[in-house]
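Novice: Sequences and hints are given; from them, build the entire structure.
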Amino acid sequence: MAYETVIGLEVHVELKTAAKVFCGCDARFGAEANTRTCPGCLGFPGSLPVLNKQAVNFTIMAGLALHCRIAPFSRFHRKQYFYPDLPGAYQISQYDLPLCEKGRLEIVTPEGKRTIGINRIHLEEEAGRTYHSGSGPEGYSLLDHNRSGLGLIEIVSEPDLRSPAEARTYLEKLQTILQYIEVSDCKMEEGSFRCDANISLRPVGGKDFGRRVELKNLNSFKAIQAALEYEEGRQSALLDAGTPLEREESRAWDETRGSTVFMRPKEKAGDYRYFPDPDLVPVVVDDGWVEKVRQSLPELPEIKRERYIKEYGLPLYDADVLSSSRPTAEFFEAVVKAYGGDVKVVSNWVMVELARLLNMEKMELPAAKITPESLAGLLKMVDEGTISGKIAKTVFTEMFYSGKKPRQIVEEKGLVQISDKDLITAVVQKVIAGNPDSVADYRGGKTKALGFLVGQVMKETRGRANPAMANTLLREELDK
Amino acid sequence: MELCTMCLGELRKALDNKEASSKEITAAFLKRIRGFNPELNALVTVTEEEALAAAGEADTRLARGNGVTPLTGIPVAVADNICTQGVRTTCSSRMLEDFIPPYDATIVSRLKQAGAVLIGKTNLDEFAAGTSTEYSRFGPARNPWDVNRTPGGAGGAAAAVAAGLAPLAVGSDTGGSLRRAAAFCGITGIKPAYGRVSRYGLAALGSSLEQAGPLARRVDDAAALYRVIAGPDPYDTTCLPTPVEDLDRLEEGIDGLKIGIPREYFTGAELLPEMKNLLLSTVKSLEEMGVRTVEVSLPSTRYALAAHILLAAAEGGSNLARYDGVRYGYRSPETKDIFSLYTKTRQEGFGDEVKRRIITGTLVLSTECYNDYYLRAQKIRTLVIKDFSKAFSGCDLILAPVNSGLPPKVGEKRSNPLDMYLEEYFTVAANLTGIPALSVPGGLVDGLPAGVQLMGPAGAERTLLRVARRLETVAGELLIPARKK
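So the protein sequences, as listed, match chains A and B. For any residue, its number in our numbering is found by taking its place in the first sequence, counting from 1, and adding 1018. Just so it is clear: in the second sequence, position 303 is 294 by our numbering, and no numbers are missing.
Calculated from the structure, these hints are not laboratory results. Treat the hints with care, since some could be wrong.
In silico PhoX-like cross-links for lysine-lysine, where the CA-CA straight-line distance does not exceed 25 Å [unchecked claim]:
(1) A:1097 <-> B:335
(2) A:1097 <-> B:346
(3) A:1477 <-> A:1408
(4) A:1097 <-> B:370
(5) B:249 <-> B:377
Specialist: Here you go:
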């Protein structure tokens, strides 16, 4: 029996605001434990929440980037439960009136473009971190409240995803967009991007949804895809055996075992006793406010990609890679502007040489010492014939590590290309004189020997001879 | 001169004319506290050292003559559910018995800025959940008029002012505690309009219902204290961002004003006949001053109390959830895991009434009950708001009882918690609607004080105070019989 996989994703994203969402504490990552706290985010008697406007703006930005309707009227609810890392015993969140609704995200799959619906985006606060040590009577737990009260947006997709691979693509795309508009670092390893997945199966062509399983403890994109694939298989086997899921449940992904493990039934989720938070007033967002936020958004990746294809004539793959990260796109566009030459040349250098070095050094673009102007300068030097393409790669590597300008490097290392006909002719003659066997081979019909001889010319000139010219002049001399 | 019998105006004059220093005045009140507080149990903490230090600073300010406000050098007592930095704030609960806040409530920082002298923290029902201070961890406060009787919910603060332990006090009012205590002790108490006084630092119980307000023996004194603590506060989002209304020229005449008498508060309500008579004679006095009275109807009155009970429990239960022994406050000594830490700490840390509120509140907000209880209570709240709006379209303010009868004897009402809730029958509407309300002494019934409640629409504070000033001339200043003074 063929089954259709139905997947929905809930993503929590920590906002990169300067302060926490309901108090003025510094929101940046990585400080000594419990040094970024105040009576508000510690739930002291008499403390009150005050809404951070930047957090609302960031939420609206995310909503606009995902084509959501921004609610003109929304409010905060208390979600109540007891856990030591939740200082007030309630999380300020949103319930029936979220800030953003009914959006979409387009993803590119091997089968083509697909539109995934976004049900809602709402703003809420983070809880603290708990560190467990030992167990039994000797065990203890430590609480760090630096994270308590951090702004969080929850992005809930419609159950429109149809495969684990699609789910991964969706997450990668979502991460790109949110990083693009700079509302979050979106780093799974730092906890600023977290995902829970819901998956169910139904017969192909079926209209009703099957019983779903919620997957938790998914710590990387790889794990998410693997967990969904595993669960797909598990549920499919159960259906084939005639023992479909009896109830909705939550399962945890076990990385070491490579399987999902039962956690608890979904009904036992607990009654959160939601009610509107009486300490906060509703949020009223008018058209003017939305428009102002819209103006502040950068050109989004999908628009950029289309523009690269149209304006620069780049193929889809190249356009996709270059537009996929904002630093890359901005760097690329700056080089194009400064260089003024063939865009495909630029695209090649950015996608191949630059990417290679960044990867090797495990660096991100903003940290690289190369500026768009210096790369443009390098390309111009190649066009001018000052250096060969091959030498340029050496210069580029030096630029990457030292931050020096190309002209400076070329001068310091004496790498200026030799295009002096007489000079090269002299070297050619020397090489011919010094390699009688190869010359004989060539004259005997082995055209491959030419390559060897050209190589010798390059060796003699320490790579600086203009290779095309060396080739031509060699042939001339040999054919004499 | 008997400093402790002086009202604010007289103390101010004495200070300004250098007839007494703040240190002398403060010392006088501290002495009186030492003498009478053991019996009255009005103050939970007396900040003797801090008060004398603050008084010294006030004297310096007065000598230099800069930054002098009406409150500079004047002792003020603050209810123990309002956070005072470095000074124990217990909320009259075992849960916070040794809790020392690292910050001041906005009310307190404003008092300090004005140069007032914090003299101590007053007794109240545990977390303000109650009507008599009988639910206090430290035992009930006593009514200075009859120590066998309770002084009402904000009882410690009211008793302190009435007995001359402090000239001014600040207490909180979630369902009437402040007004009722003022009435039981023969003084004036104001529940400001919701959003007029910052709640930052006031340990929350009924977040959408409560306000802290002034207690004093004279209306002018209460108004002066109100001016200092009221006003916009960026730390409290529910605090109105508009400046406090003008409260000048309170001595202006009141003839021509129209006062509404709510039918439902006088017929069918369980008013002691003597209380009813006192109120009716108060109405007559007002009419003689040129005020016109008109009957108004508030049909939602029969549901208001029930709605208040449910909403106060829902919000209160939620606000009390943070007291769990994890970050501060009481923690049960022998626990083996997080579950027992939570359950034992809260079992041992909270008193019965607080537990009742939490359980009720949890039920009210549960999925099964939300629509029938919480949502419906909020709808009734809207009806109460509409009733008052309609009434105010035909009158300038409303006169009503504060309490149905005499201050209950200690222990009298504890057998049935519901009886205690019923005592707030006349006062909950002002909390539900957020309108300003006050209690001013109306006279004596059986030798014990009785108060008159005035309620007005938003922005009517000046009108309320003008009428209250006139009324206090009718009752005269109620002074506690000689043996207590």
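Novice: Would you mind marking each hint as holding or not holding in the structure?
Specialist: Taking the hints in turn, this is what the structure says about them:
| no. | hint | verdict |
| --- | --- | --- |
| 1 | A:1097 <-> B:335 | holds, 23 Å |
| 2 | A:1097 <-> B:346 | holds, 21 Å |
| 3 | A:1477 <-> A:1408 | holds, 13 Å |
| 4 | A:1097 <-> B:370 | holds, 22 Å |
| 5 | B:249 <-> B:377 | holds, 19 Å |
Comparing the model with each earlier hint shows no violations; every hint is respected.
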